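Visitor: Going letter by letter, the sequence shown gives residues 1 to 359 in our numbering.
Hints are computed from structural coordinates only; laboratory data are not their basis.
This list has only true hints and no planted wrong ones.
Label pairs and their computed distance ranges (CB to CB):
| no. | residue 1 | residue 2 | range |
| --- | --- | --- | --- |
| 1 | Thr145 | Glu110 | 31 to 41 Å |
| 2 | Gly88 | Gly322 | 13 to 23 Å |
| 3 | Lys316 | Glu178 | 34 to 44 Å |
| 4 | Ser50 | Glu5 | 18 to 28 Å |
Note that the coordinates shown come from a computational prediction; the quantities given were computed from them, not determined experimentally.
Ideal Cβ placement from N, Cα and C applies to all residues, glycine included.
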Amino acid sequence: MSRAELARDLGLTGQAIGYYETGDRRPDMSVLLRMAEILEQPVSFFLRSSPSFDGIRGTRFFRSIGTRSNKVNYALDIKTKWLWELVGFIGQNIKLPAVNLPDVPPARAESGYTQAEIDEIALSVRKHWGLGEGPIANVIALFETHGIVVTRFELGSDEIDAFSCWIRQRPYVLLGSEKKSSSRSRFDAAHELGHLLLHRHIAQEDLENKDVREHIESEANMFAGSLLLPRNAMLREFYSARLKHLEGMKARWRVSMQAIAHRAKQIGIIDEYQYILFRKQISFNRYNKNEPLDNEIPMEQPQWLLKCWKLLTDQKKVREAGVEDELGFSLDLVVRLFGSERKDARPAEHTSPGVFKLK
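Hey, can you work out the whole structure from these sequences and the hints?
Guide: If you want it as C-alpha cells, here you go:
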C-alpha cells in the first residue's frame, strides 16, 4: 500500500504519514489502531524496534528494474528483512542447518562464464552434495538440507518468479506462489542458486545496467539447466524431439518440456532447425504457458521454517496466542513468510529434511 493510499483510508495527508514513517511525529492511539486494522498488523508492529540489515545483505537479484518494478522490488526488500528477523528469532532457539555450498571462483574472462564452465560448476555442486547424475527428487528439500532459507509467498507481480540474496553468509531464496507449474518453479529455484553461486561479486549498482542484468540472467538460466539436466544424462536420454518423448522426460526429470529442449540445443544434441520445429509443435498445441503434466506434478513446498515454528510452539518456547506482542508481527504474516498459504493460525503438519534440535 502506498503512502497516499494509506493516507486516504485514514483521512490524513501523505505528509502526515511521512512524519510517522520518519519518526518526527507519532500518531494518536486512535489513528494507530485504525492503521493497524488497515495494514493487518498488531499495534506492537508499529512500536517495535527494527534492526537494519544494511552492510550484511548482499546483492538482490531482481529480474527487472524500472519505474514500474521498483515499487515491487522495494516491497520484496521489506519482506526479506522481516523474514531475516524471524529466521534470527528461530536461530536463537534452534540450531539451523549449516550452509553447505561449494566455493565458486569468479569468471576467468570479462565476458563471463562459458557454457562449459557453468556445466562444470553445476556438476561440482552435485558432487559436493553427494548427488549422482539422475533427477533431483525435491529441489526445495535439497536446498533446505544444505542451509538455504527457502520460502514461497505472493511476490506481488506476475513478472517476478523468484528472488534471492545473501544475508550474513546465509543464502535466501524466495519463490512466488503465483506460479502453478512445479517444473517451472523448480527451474526458478535452480536459477536463483545460480545467482547465489556465480554472481556474489556483482554489486547492486551493476544491475542498473540492462546489459549486465540480461547477461547474468542468461548465466543463471544456463546453470539451472546444467544442474537439473546434467550433460551426460541428456546425451543418453534425449534421442528424440517428439512431444511424447519430451513429456516422458518431463515426468522423469520434473523439468518443463521447453527447458529440456532448450538444454538439448544448448549442448548440441539438436540443431537450430530442429529446435524451431519443436517450438512450432509447442505453439500449435498451445503448450507455451501450460504444458502436459503441469497440473499433475505436485508443487514442492518449503518446510523447515514451518517445522521449526511448530517445534517452538510445541515446546512452549513461543506462545501463538501472544506472538503478536512478543515478535511484533501478526501470526498470519509469520506463517505466510515461512511459506504457508493458510490464513488460519497454525501451520499444517510437515515432514522436513534434516534434524532440528532446540538449543
